[in-house]
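Visitor: If you read the protein sequences in the order shown, they are chains E and F. Quick note: the first sequence uses this note's numbering, first residue 1, plus one each step. Quick note: the second sequence uses this note's numbering, first residue 1, plus one each step.
Hints are supplied without guarantee of correctness; some may be wrong.
Mimicking SDA-like on lysine to any residue, the simulated pairs with C-alpha atoms at most 20 Å apart in a straight line are [unchecked claim]: (1) LYS170(E) / GLN175(F); (2) LYS277(E) / HIS203(F); (3) LYS253(F) / GLU299(E); (4) LYS148(E) / ASN305(F); (5) LYS170(E) / LYS178(F); (6) LYS277(E) / GLN190(F); (7) LYS148(F) / SER228(E); (8) LYS181(F) / LEU239(E); (9) LYS181(E) / TYR176(F); (10) LYS270(F) / LYS252(F); (11) LYS277(F) / GLN190(E); (12) LYS178(F) / TYR176(E); (13) LYS277(F) / GLY206(E); (14) LYS277(F) / ASN120(E); (15) LYS119(E) / ASP102(E); (16) LYS148(F) / GLU299(E); (17) LYS170(E) / THR183(F); (18) LYS277(E) / PHE202(F); (19) LYS277(F) / PRO275(E); (20) LYS178(F) / ASP180(E); (21) LYS185(F) / PRO275(E); (22) LYS253(E) / ARG149(F).
Away from chain E, derived, C-beta distances all over 12 Å, residues of chain F [as the list claims (entries may be wrong)]: (23) ARG34; (24) GLY50; (25) SER62; (26) ALA77; (27) PRO140.
Just so you know, these hints were derived from the structure itself, not from any lab. As the structure is a computational prediction, the values presented were derived from the model and not from experiment. A virtual CB, placed ideally from N, CA and C, is assigned to each residue, including glycine.
Number of protein chains: 2
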Amino acid sequence: MITYNVAILGATGAVGREVIKILEERNFPVKEIRLLATEKSAGMEINFRGMNRVVEVAQPGSFKGIDLAIFSAGSSASLKFAPSAVKSGAIVIDNTNAFRMDDSVPLVVPEVNPKEIFKNKGIIANPNCSTIQMVTALKPIYDEVGIKRIVVSTYQAVSGTGKDAIEELKRQIIQYTKGDKLTSKVYPYQIAFNVLPHIDTFHENGYTEEELKMTRETRKILDDPELSITATTVRVPVLYGHCESVNIETEKKISISHLRKLLDSAEGIKVVDDPEKLLYPTPLMSENDDNVMVGRLREDYSIENGINMWIVANNLRKGAALNAIQIAERLILNE
Amino acid sequence: MITYNVAILGATGAVGREVIKILEERNFPVKEIRLLATEKSAGMEINFRGMNRVVEVAQPGSFKGIDLAIFSAGSSASLKFAPSAVKSGAIVIDNTNAFRMDDSVPLVVPEVNPKEIFKNKGIIANPNCSTIQMVTALKPIYDEVGIKRIVVSTYQAVSGTGKDAIEELKRQIIQYTKGDKLTSKVYPYQIAFNVLPHIDTFHENGYTEEELKMTRETRKILDDPELSITATTVRVPVLYGHCESVNIETEKKISISHLRKLLDSAEGIKVVDDPEKLLYPTPLMSENDDNVMVGRLREDYSIENGINMWIVANNLRKGAALNAIQIAERLILNE
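When you get a sec, could you build the whole thing from the sequences and use the hints?
Guide: Right under this line is the structure:
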């Protein structure tokens with residue numbers, strides 16, 4: 001069996017730790033693993049396959065001999081280290097926003113546009129978490145009846161922001177139960193018992209960067225630059241798992257029973273939709289399920305060809321680490 | 001000054017307690033107050049204007065001499081007691097679903113359709129919480145440029161379910177911090193750190209009763225039986241304050257600057273929309289603000305005449321108790 005030298009940049013972050021876990025779970029053919037981070041986190045030890053590995057400070061020379069580098073240490077780290085990693089002969093799978101809209105960089109969800117993987121020139125971009133789960137669920141519909149317009153509102157977990165945000169929500173919950181004042185550092189307002197219609201920075205047109213990411217990444221992945229889509233992205237006091245309320249206007253009519261069958265047979269999707277038994281996807285469910293879960297399938301009677309659906313996935317796994325490793329798996333399958 | 005004998009049915013519930021507080025705050029001309037509840041809660045004492053009042057068991061005879069009865073003890077209690085209250089000469093303002101779609105019963109948001117109040121035949125219905133805040137924000141737009149279609153996704157606080165649900169979320173938070181198992185009684189799944197796309201019962205078409213309420217009540221209040229509207233209603237782990245992500249297709253174009261002025265000058269609405277200063281409405285804000293707050297005003301580029309907005313209000317106050325008392329205030333203004 002061919003094995004690979006793998007580097008993880010951002011190994012101590014919420015996504016990086018998930019990457020390490022998934023490499024183990026899926027028995028990815030790792031020869032050697034190199035854990036990299038900024039100076040702040042270097043020196044920490046992380047267990048991989050029963051052995052503690054020391055996290056090293058990332059440097060341009062860190063990628064010598066590396067076959068595959070998975071980056072999730074933020075856009076600036078990606079911009080800084082991708083060129084040297086590629087020069088060293090590694091293929092970079094980048095979880096950040098740094099290269100996603102670069103025309104020479106494939107933006108890939110393996111269930112949706114796997115062929116793009118092989119057009120890479122050294123870098124493959126992993127889409128934004130909320131985009132990944134939405135396009136995974138939309139792709140079968142797009143292929144079957146065409147999509148005219150998408151209106152999406154999200155319910156995103158704090159782990160999407162990173163481990164400081166997980167700690168912030170947990171700290172605020174403890175402060176609340178103790179009757180202490182709730183303190184906020186990561187978010188501009190309290191997130192416990194609150195909802196913030198604000199993810200990433202604001203643009204002049206009133207949209208957040210997250211909302212624009214969902215728009216432009218969906219268009220790139222579906223290879224439909226004119227696709228009509230509008231998004232409202234919202235943070236909720238949940239630890240893991242993003243939810244999306246998605247309204248879709250299709251080109252041709254699709255019945256709900258046909259839609260259910262279509263999604264049920266699609267790769268990477270699990271239909272959880274039995275209202276009579278109170279079955280619908282929740283973010284808690286996504287902690288133990290790697291599928292993109294869809295439910296609340298309904299005809300939208302307000303337009304001729306409309307459907308409503310509820311899409312849930314684990315933002316750290318399918319929304320980030322798992323998707324990256326699924327890209328890597330396809331990549332090596334070809335060798 | 002004319003004063004009124006007021007009865008509160010469901011006085012010990014989350015909305016009932018808010019009704020009592022608001023009667024005090026707004027100095028409603030109460031002559032005598034009669035606090036009513038089911039046997040379970042009767043005997044409790046609640047303070048009104050500095051005096052403890054004993055909550056009595058509601059009986060058909062309880063409304064003798066009452067001018068105004070505010071009901072929030074559930075639909076079956078409303079169906080049971082409204083006839084005798086009306087027969088006794090009281091005007092009933094009903095917070096439940098019992099009479100909302102009854103053609104002979106006005107369904108009123110005072111900022112939207114105040115004239116309906118005076119068409120009452122003894123009962124005036126208070127709309128569902130999520131409907132009230134949405135129609136308040138939509139009405140100025142509806143009048144100015146017309147509304148073609150509405151797509152709404154909600155983020156609703158547990159207090160909308162009642163005080164048992166408030167206790168459930170608080171209990172689960174405490175169980176979490178103690179490392180205990182989280183127990184659920186009110187909701188079918190854990191609500192702490194979770195999101196449930198499920199409010200009220202499911203219908204055969206896949207919609208929840210809450211979603212259908214938003215559709216039919218909005219049509220009735222705006223007096224537009226054909227209005228195109230589709231809703232997804234969702235429970236989030238928030239104590240007080242409902243949020244709504246609303247996508248609107250207008251008949252005629254409206255610029256965001258014009259929309260902002262329009263909403264800013266409308267009664268009962270407060271525009272909280274300055275992304276540069278990270279200002280947008282949140283449910284926590286609604287704990288200290290009786291307005292319907294709107295923000296995240298954006299042009300929706302996916303259609304010709306589209307806007308996105310974020311609407312937040314205190315579900316127990318504007319969404320229930322306050323709206324009921326505002327109806328009562330208009331009613332007595334006329335006398």
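Visitor: Has the given pair, LYS277(F) with GLY206(E), been kept, meaning a C-alpha gap of at most 20 Å?
Guide: The given pair, whose Cα atoms are some 12 Å apart, holds under the 20 Å limit.
Visitor: For the pair we were handed, LYS277(F) and PRO275(E), check the Cα-Cα distance against 20 Å.
Guide: Violated - the C-alpha atoms of PRO275(E) and LYS277(F) are around 42 Å apart, more than 20 Å.
Visitor: Beyond 12 Å from chain E, beta-carbon-wise, is SER62(F)?
Guide: holds, 36 Å
Visitor: Run the distance test for LYS170(E) versus THR183(F): straight-line Cα separation, threshold 20 Å.
Guide: holds, 19 Å
Visitor: Below or equal to 20 Å on CA atoms is what counts here, so check LYS170(E) against LYS178(F).
Guide: holds, 12 Å
Visitor: What's the verdict on LYS270(F) and LYS252(F), does the C-alpha distance respect the 20 Å limit or exceed it?
Guide: Roughly 23 Å separates the two Cα atoms, so the pair is violated.
Visitor: Please work out if LYS148(E) and ASN305(F) have their alpha carbons no farther apart than 20 Å.
Guide: Since the Cα atoms of LYS148(E) and ASN305(F) sit roughly 16 Å apart, the hinted pair holds (cutoff 20 Å).
Visitor: Holds or violated: LYS178(F) and ASP180(E), Cα atoms, limit 20 Å.
Guide: holds, 16 Å
Visitor: Can the restraint linking LYS277(E) and PHE202(F) be considered satisfied, given a maximum Cα separation of 20 Å?
Guide: Holds - the C-alpha atoms of PHE202(F) and LYS277(E) are around 10 Å apart, at most 20 Å.
Visitor: Please confirm whether ALA77(F) is truly not at the interface, meaning its C-beta sits more than 12 Å away from all C-beta atoms of chain E.
Guide: Non-interface label on ALA77(F) holds, nearest chain E Cβ at 26 Å vs cutoff 12 Å.
Visitor: Hinted pair, alpha-carbon criterion (20 Å max): LYS181(F), LEU239(E). Please report holds or violated.
Guide: holds, 17 Å
Visitor: Is LYS253(E) close enough to ARG149(F), meaning Cα to Cα at most 20 Å?
Guide: holds, 19 Å
Figure legend: structure checked against the earlier numbered hints; hints not met, in rising order: 3, 10, 14 and 19.
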